[in-house]
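Participant: In case you want the letters, here they are:
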Amino acid sequence: MADFPLAINIQGDYGYKVIVVDDQNTIEEVIKTSVDQIVGVLVAPFSKETKLRAWIHGADRPLDNNLKVSDANFIQMEALQIYAEKNSE
Amino acid sequence: MALLKMEEWYDVARETNWTPSYVTQDELYPAPMSNSYDIPLEKWESFDEPYKSTYRDYVKAQRDKDVSAYSVKTALARAEFFKNASPHWKALLALHFSAVCWAEFHSASAFARMTRFCQSPGMRNMATFGTLDEIRHGQIQIYFAYEFLKHDAVFDWCHKSSKTENWIIISLRHALDDIAHTRDATSAAIMLNMGLELAFTNLQFVALSADAAKCGDHSFATMLQSIQTDEARHAQIGEPIVRIMVENGKKKEAQQLVEIAFWRMWKQFSALSGIGMDYYTPLEHRENSLKDFMEEWVIGQFGRTVQALGLDLPWYWDILKKDISNFHHANQIGVYVYRATEWWRPIAGTSPEERDWLEDKYPGWNETYGKCWDVISENIRNGDYEKTVPIAPPLICNMCGLEVTGVAGDKWHAVNHHVDIDDRRYHFCSEPCKWIFELEPTRYKGHKSIIDRVFDGTIGPEPDDFYNYMGQSPAERGADGYNYRWVDGYDQTEEDQPRSAAG
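Sequence lines, in order, name chains A and B. So in our numbering, spot 32 of the first sequence is number 32, and the numbers just go up one at a time. So in our numbering, spot 336 of the second sequence is number 425, and the numbers just go up one at a time.
With the rest of the complex left out, here is chain B:
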């Protein structure tokens, strides 16, 4: 018996909309969860996903990917890669797994909301696969991270982090809650797919996978590739939705959703991927900078995609072009000097050779951010380790939850934006962060940064109160990944190095 080709039956098979008789259409798809944006149902039903898959094909492809990733892991487990990996790579792995595992798992909830509440059968079909993808991504990554737990207790945070009030986790959770978990299905589909997955996952999964392969971490590289192929597929839910909105007079609404989500995710990836690429990737395996990747994949590629869909480039595009050379460098200083507030062992990444690379990739780095590192390095050389940690805490942005930073050193440029509401001052690291807040102050004004929580008494006055609040026992407070043996180069002998101290 001749079998029909998929394209001959796919559209009919996934046509699962019906006219409800026991409830109204509005009860079936309540606005707070669905949000049709007043676009008629028949318009939504025109949704046509660019990448079509059947459940049978999906399961087969996913099984093959899992077999490949787990096989490589099993084959390489005996190689004890982790034991011999550099502190750079260990820090990068710890940061990646503890930030990404739970975020992926939580994304399953967002996709499940799309599966139930999106108006079009095609959207729901794609979102079903997206839900399964995200469950897989959460599981496979936490399983791979679990392997390292026997070598390093830091990896406990791959599972634990999302349940803590650590300041970095608060920052990431706030962003993801905003774009994916507290919006209707239509808005969340645009924000999560366009603002996060289409725009940025290439940075964390493709670029990092390439770096992992160069470092010899083939297990991690294979796993990341298997994830990104899923991201590339399910991220395509957002594009047809945007197209439908633009065609039906809702360009302004779609534009705003993309702009909010993109900026919120840029700040997160700037810290996660930016520090990972420009400071944590071992220098001998480092080729492209965050700026290189951003210019090619995001400012170029994503920018063209946005315009092809009928949207405009975000209004802050010129601000972004400057931010890719600044924000993560400033935040890397903060991540290093406030290292005890992190659960992994941060890397300075500013040995003499690394500074040359930074200056080459970011001309002027030495006379700006490098000036702060000059002071830090000098304190280390003098054995003044206590002076490498500021007494004063950083000011935290009331939108992105990261430090309010500007340009350091000889080209010092202080950056601060603020809004006053009910005698409370809200600080922002950038004009777009402030813009997002002002779009909907009632949505955001109740949130308190970790520093706000110190000053309103939520966190007690003793130093341990702060760490206890963030879920960090004394053993879970970050220390210099090299115990300061980077300051004059990693090839220095023990005798050449500053005297050893707890980092």
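Bound conformation, chain A alone:
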């Protein structure tokens, strides 16, 4: 277990933020940490049905929500976009 800094930008926010997660966290837990820190502060709450996903900035497919940070082959401060999946809005 080790701290792992990531750069995240949640849909609607004006810019990237830096969060620190545990490298054993899953992507879903990374999303939750991000939401806890930004949603309701700079971004309006998403509807309960909204499914949030993450992808590496510039990638063309989302990360598996069950993927562990330690298994994701991230470099420290990897940039992730967190967005609302359209078909679940």
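If you are wondering where the hints come from, they were derived from the structure by calculation, not from laboratory data. Treat the hints with caution; some may be incorrect.
[Unchecked claim] Straight-line Cα separation of at most 27 Å, DSS-like style, residue types lysine-lysine; simulated pairs:
#1 K500(B) with K411(B)
#2 K51(A) with K341(B)
#3 K32(A) with K476(B)
#4 K500(B) with K32(A)
#5 K476(B) with K51(A)
[As the list claims (entries may be wrong)] Covered stretches of chain B (chain A as the covering partner; in silico rule of three or more C-beta atoms under 8 Å from a C-beta of chain A):
#6 283-296
#7 302-315
#8 320-331
[Claimed, not checked] Under 7 Å between C-beta atoms, here's a sample of chain A residues computed to sit facing chain B:
#9 N9
#10 L42
#11 H57
#12 P62
#13 L63
#14 S70
#15 N73
#16 M77
Every residue gets a Cβ at the ideal spot worked out from N, C-alpha and C, and that includes glycine.
Using the hints provided, position chain B relative to the given structure of chain A.
Facilitator: Below, chain B alone, put in the same frame as chain A:
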């Protein structure tokens, strides 16, 4: 006895080049300090400054300007303008003086390097006046700012800021070190004169002077005018240098110097002048937006100047045209929500009437950046002041030192550019910032942003460690300039406003 006219003796009098006999020409003008760009000396000696001045005329003109500026200040001191000024204007004054005083004073060093190491007598002559100008600009501004210190301790930062590791100061210092203080005299002359003074000082000194006059701050307006007339003169060193380089096969080199300096300064002025113009200038005195000024004076006027000199418009011109509607709006949100990391009292500048103005000047503002302000405003109305400050720190650009931002709200567009070197990721807010880094990675890769310093342990883990590192005692941490009494309009009564809280 008939006196010669200046134009009859000027060129002879300033012809001070000679053939050295005790040292070689290269020892007299070493490349790391002079950099001839392999252009022969006789070509450099063709430098012909467009604005000619003698020392006698210079001193007289400067004395007259000082008399005018100081007289207005003395006459108006009793008016106690500052005490009655709005928090908007106080914030603008604090931001201007604490960012500009020391930057001007440091510029004297850059001009002194040109005075010693530029190859042409004309360049050295102009740079001598530039050196004196910058000393004057540092002194007069810090003197004017000092007047406010008895009313507000924030103005201590006009003198203190440059010696701190505050994140905004790191950002500005890094940019100025890059273009003015760590380059040879020829390169610095092009970068400082063209990329900063010719391109942008109009924004901060002419536009701000006009706003100051409208606000009734005639002392500040007069001082700014007296500075800009100097800037307009000594900024002209760069143009003939560029012309000589273009004529002698060094267009590519000159082009690159202008492009680096211009972008670095755009980012700084976007934050300084952009926030000042579009958020801190009181609405009743606000006419033109940053975008208006940029389109007329920079994209139009400066763009034409660059082309007239034989250069091309910078490759990122289309990126710039979009950036003038976005970057400073995003950064204003960050400056407000992370207000405790600043030494002045930041202004939100997003009351209902101000939002109308922003929407008018920047169509779509409400559905983009306005969405973040909706959330901030709602938290204030609910008394959830803690929720107006994010726990997560912002990602900082490893070139400009400002936040890595995109478009917010319904048109959300995340922006990020990066480079990986030695297992370290460098983030950039824009393609040009990344481009500058990649031109010379060894020059830039050792620098760490304030956030990098948190994660590498340079700054301790406790909240106070962060502020102590930035030189901010508890009393020097920014709070909302209106104590939140803006959220539903400045004309609301106390009872109508959200309950008071430390901002």
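Participant: How about the segment 302-315 of chain B: do at least three of its residues have a C-beta closer than 8 Å to a C-beta of chain A?
Facilitator: Not satisfied, violated; 0 residues make the cut.
Participant: Minimum Cβ distance from N9(A) to chain B below 7 Å?
Facilitator: Given a least distance of 4 Å, the restraint on N9(A) holds.
Participant: Is the hint on S70(A) kept, meaning its closest Cβ partner in chain B is under 7 Å away?
Facilitator: 16 Å, violated
Participant: For the hint on L63(A), does the least C-beta distance to chain B fall short of 7 Å?
Facilitator: 15 Å, violated
Participant: Does L42(A) meet its interface restraint, that is, does its C-beta lie within less than 7 Å of any C-beta in chain B?
Facilitator: L42(A) check passes; min Cβ-Cβ to chain B is 5 Å, inside 7 Å.
Participant: Below or equal to 27 Å on CA atoms is what counts here, so check K500(B) against K32(A).
Facilitator: 23 Å, holds
Participant: Let's test the interface hint: is any C-beta of chain B closer than 7 Å to that of N73(A)?
Facilitator: With a closest approach of 13 Å, the N73(A) hint is violated.
Participant: Between the segment 320-331 of chain B and chain A, are there enough contacts, at least three residues with CB-CB distance under 8 Å, for the coverage claim to hold?
Facilitator: violated (count 0)
Participant: Any CB of chain B closer than 7 Å to the CB of P62(A)?
Facilitator: Since chain B brings no Cβ nearer than about 14 Å to P62(A), farther than 7 Å, the hint is violated.
Participant: Could you grab the alpha-carbon distance between K500(B) and K411(B) and see if it respects the 27 Å cut-off?
Facilitator: 14 Å, holds
Participant: Are K51(A) and K341(B) close enough, with their CA atoms no more than 27 Å apart?
Facilitator: 51 Å, violated
Participant: Is the Cα-Cα distance between K32(A) and K476(B) 27 Å or less?
Facilitator: 17 Å, holds
Hints 2, 6, 7, 8, 12, 13, 14 and 15 from the list above are not met by this structure, while the remaining hints are.
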